[in-house]
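Top line first, the protein sequences correspond to chains A and B. Mapping of the first sequence onto the working numbering: residues 1 to 166, in sequence order. Mapping of the second sequence onto the working numbering: residues 167 to 791, in sequence order.
These aren't lab readings, by the way, just hints derived from the structure by calculation. Hints may contain errors.
Think about it this way: if two alpha-carbon atoms lie no more than 27 Å apart in a straight line, the pair counts; the simulated DSSO-like pairs of lysine-lysine are [as the list claims (entries may be wrong)]:
hint: 1; chain 1: B; residue 1: Lys172; chain 2: B; residue 2: Lys210
hint: 2; chain 1: A; residue 1: Lys53; chain 2: B; residue 2: Lys379
hint: 3; chain 1: B; residue 1: Lys642; chain 2: A; residue 2: Lys53
The structure displayed is predicted, hence computed values, not measured ones.
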Amino acid sequence: MINEKDRNAVRIIELPSCKMIWSGVCPGTAGTSENVPLRKFSEWWSAFDKLRKDRFYARDFMWYDGAAGGMAWGLAVADIPADTGGFEVIDFPGGLYAVANYADGDAEGAYTSINKWVEESDCFIPDGSRNHMWHCFGCCSEPIPIIMGYNQYDFYFPILVKGEAK
Amino acid sequence: MNTAKKLNFATLPQDYSPSTLPEILKLVKKVKGNTAFIYERMSKPFFMETDRLIIRRFTIEDAEAVLALSLDRMNSSMKNFDHQWPTDLEGCKGAAAYFAGNDTSYAVCLKPSMKLIGYISYNSVNDDGILDLGHVWYTAYQNNNHDTEALSLMTQYAFEKLSVNGVTAGNPLDCEEQIAPLKSIGMEVIETREKAFFVNDADGNPIEFTGCKMLITREQWEAGNPESYSPKNRPEILNMMEDARQIEKLVETISYNGITFEVVERPDVVWVGCLDYASENNTESDSDATLNRYQKYLDVVKQDLINPDWSASLWVNYGCDDKPHGQMFAQETYSAKHDERYETFTQPGGLWIRVRRKKETSLVLFGNESIDAWDYFINKVLENAAEENGYNVNPDVHVRIGYDCHAEYNTSPHTCYAYMSVIENPESYSPKNKPVILEMVSEASVANKPEITAAASTIKAEERNMVRIMELSACKMVTSGPANGEDAFAPGGKLARFHEWFTEYDKQRTDQFYPRNFMWSPPGGGFQWGFAVDEIPADINGLKVIDFPGGLYAVAISVDADGQDHDRVYNGILEWVNNSGCFVLDETDERRSLGNITSPPFVKDIIGYDQMDLYFPIAIKEEPK
Chain A
1 MINEKDRNAV RIIELPSCKM IWSGVCPGTA GTSENVPLRK FSEWWSAFDK
51 LRKDRFYARD FMWYDGAAGG MAWGLAVADI PADTGGFEVI DFPGGLYAVA
101 NYADGDAEGA YTSINKWVEE SDCFIPDGSR NHMWHCFGCC SEPIPIIMGY
151 NQYDFYFPIL VKGEAK
Chain B
167 MNTAKKLNFA TLPQDYSPST LPEILKLVKK VKGNTAFIYE RMSKPFFMET
217 DRLIIRRFTI EDAEAVLALS LDRMNSSMKN FDHQWPTDLE GCKGAAAYFA
267 GNDTSYAVCL KPSMKLIGYI SYNSVNDDGI LDLGHVWYTA YQNNNHDTEA
317 LSLMTQYAFE KLSVNGVTAG NPLDCEEQIA PLKSIGMEVI ETREKAFFVN
367 DADGNPIEFT GCKMLITREQ WEAGNPESYS PKNRPEILNM MEDARQIEKL
417 VETISYNGIT FEVVERPDVV WVGCLDYASE NNTESDSDAT LNRYQKYLDV
467 VKQDLINPDW SASLWVNYGC DDKPHGQMFA QETYSAKHDE RYETFTQPGG
517 LWIRVRRKKE TSLVLFGNES IDAWDYFINK VLENAAEENG YNVNPDVHVR
567 IGYDCHAEYN TSPHTCYAYM SVIENPESYS PKNKPVILEM VSEASVANKP
617 EITAAASTIK AEERNMVRIM ELSACKMVTS GPANGEDAFA PGGKLARFHE
667 WFTEYDKQRT DQFYPRNFMW SPPGGGFQWG FAVDEIPADI NGLKVIDFPG
717 GLYAVAISVD ADGQDHDRVY NGILEWVNNS GCFVLDETDE RRSLGNITSP
767 PFVKDIIGYD QMDLYFPIAI KEEPK
């Protein structure tokens, strides 16, 4: 069971399996400002996302693909659009995630705290078959990061229910 | 049927957003013939004008006109077959304010009286890029004429500027006058739906009708409007290529010093005319002699010209130290064989940046009124515009082109352009296209604060993760209505009925990302539950629909049904907001604190509780003056 003091430390969120349009793996660990392929994907999905009438919550997720050795960025879609900007479509498996928010530059802190929470939960275990993901959230039209002085991110840590076969 | 117009565009400055009717109407000008003039703002139409119509954004001053339209509608064939509009002035003030507050609702007015004769809405765009178009029309003008013109223009804009793949509309199948203009612009009925309803009769029974979904695809639109233009071929291209065969494709429009430049993709093109090179490297030829020769041969036929009304000056090898400079006066041709008195030169294909040469543009870019193409090159305006927008001058193509419509020489000023070859700069980034998310993650953007009126943040580093700041979009919500008393959650009660409806409806949602139901305490107390929707569902089981205002919220997770935890989290949010320095609490009758269960239902069996995000409405705190 979850300790009472830890109940609000992590959110348990289920993401649906869906199609995802993605950048492909972009070699290296550089973020968007230095990584040209990621920037090109960012350019496309940002424009595409503006067509979405439903502005509730962000749909883009970024992850590091350790096996392929690079960063990737994907946009979850309910239906595959006719024009994917030349980017590939993949099947996003979805699943259960332990999620916590963090401010600029502290993804590692978020990872560490979620990992500890999952270990101590005694009801969830990490799911090593899926990638950790993160995204900037808020969908804010106002310049909130500038006003607050930092950006907000959610870190998605893939988990399984302990004892349940995947 | 061909209903497309020739579109001319202008962009309103970002800091100019007229919101009163007199200010907006200052934009009116004379538009003649089969032309429409469109002011855009933030990449959306702000004001459209044809020779007899104005299509503009609403203002709160439109309340009485909205009331008149609404009352007329109540006597129309659409009376019971659509969402109901308020029929009192107070309600219409709210409706006008709502229309004015979004960039999807447009008022259609008749010139010169400016009488409101219709309402058009860009309702939504689905993941396939299909835009849903709605319209409400004054019956006196529901004549397959004014309505057709306005709907066609909005449809044309959607295809050409919003790059949609199709435009759809849902209406009662039997309301001929409602669907006639849609048929006229080429929409076809692709689906009918029996027993649709929006309104109940006096006995509470639904007034049913057969609804139809109409659609026109991009292909159908382009086939029906061959002189309409694809999104890539923007208006500037039209001015130039109106009567010409198209050989180049617009890649993007960019801005430099407020002037519009275009990046186009050109194939290899053969130019035919007179070309002379200097006798030595890095020196110039005698261009006057070349021009004299070119003019002397004007009667000598050039074969298969691409644009017979256009001719050009080409500067070749300028910028090269190891080649003689050359100048050519020529026209584009499809043919490689020409009279031997002519020279030919193949201009390499690839990306080219171009700008229309005009006095006003020259003044902005280099401070005098010269429209001489060479002045555009010598002042490096194309280089600078390219480099500021993610392109470099092509180091392998040393050709500059001044392209002029000589057919317009007698109607000054004639249309003319300057062209230069460019390549994409992979290490650069187009500010125009810089996505919002990149701006958000850019450290520089945080360091270089723009001028904002928000008070300074005092959020401590260790408290940054305590509360999330989120924006919920304004939308429609299907709601239970307020439910008071101990029976609020009783079987058969409002909340139970709502729960029953939305859990079923939610299964139809193709996009299952994150729950969409929110609960709050309405001003009168008790509970109210709402489900955010993109479009109002046809079947809402008698539930009500409200306008959810959206806005900024301070959010934190809590344990559902644990009052103590709820209070602690709630108070924690309030304290965080009050100490933030940059936000203030903003709970009003319209914007209530919300609760939203975020954990999937089965997780409760695992951890023993549901998790609920608490949303507290906030606003940006203004800097003290």
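A quick look at each hint next to the structure:
1. Lys172/B / Lys210/B: Holds: Lys172/B and Lys210/B sit about 18 Å apart, inside 27 Å.
2. Lys53/A / Lys379/B: Holds, because 19 Å separates the two Cα atoms, which is no more than 27 Å.
3. Lys642/B / Lys53/A: With Cα atoms ~12 Å apart, Lys642/B and Lys53/A stay inside 27 Å; holds.
Consistency note: the structure conflicts with none of the earlier hints.
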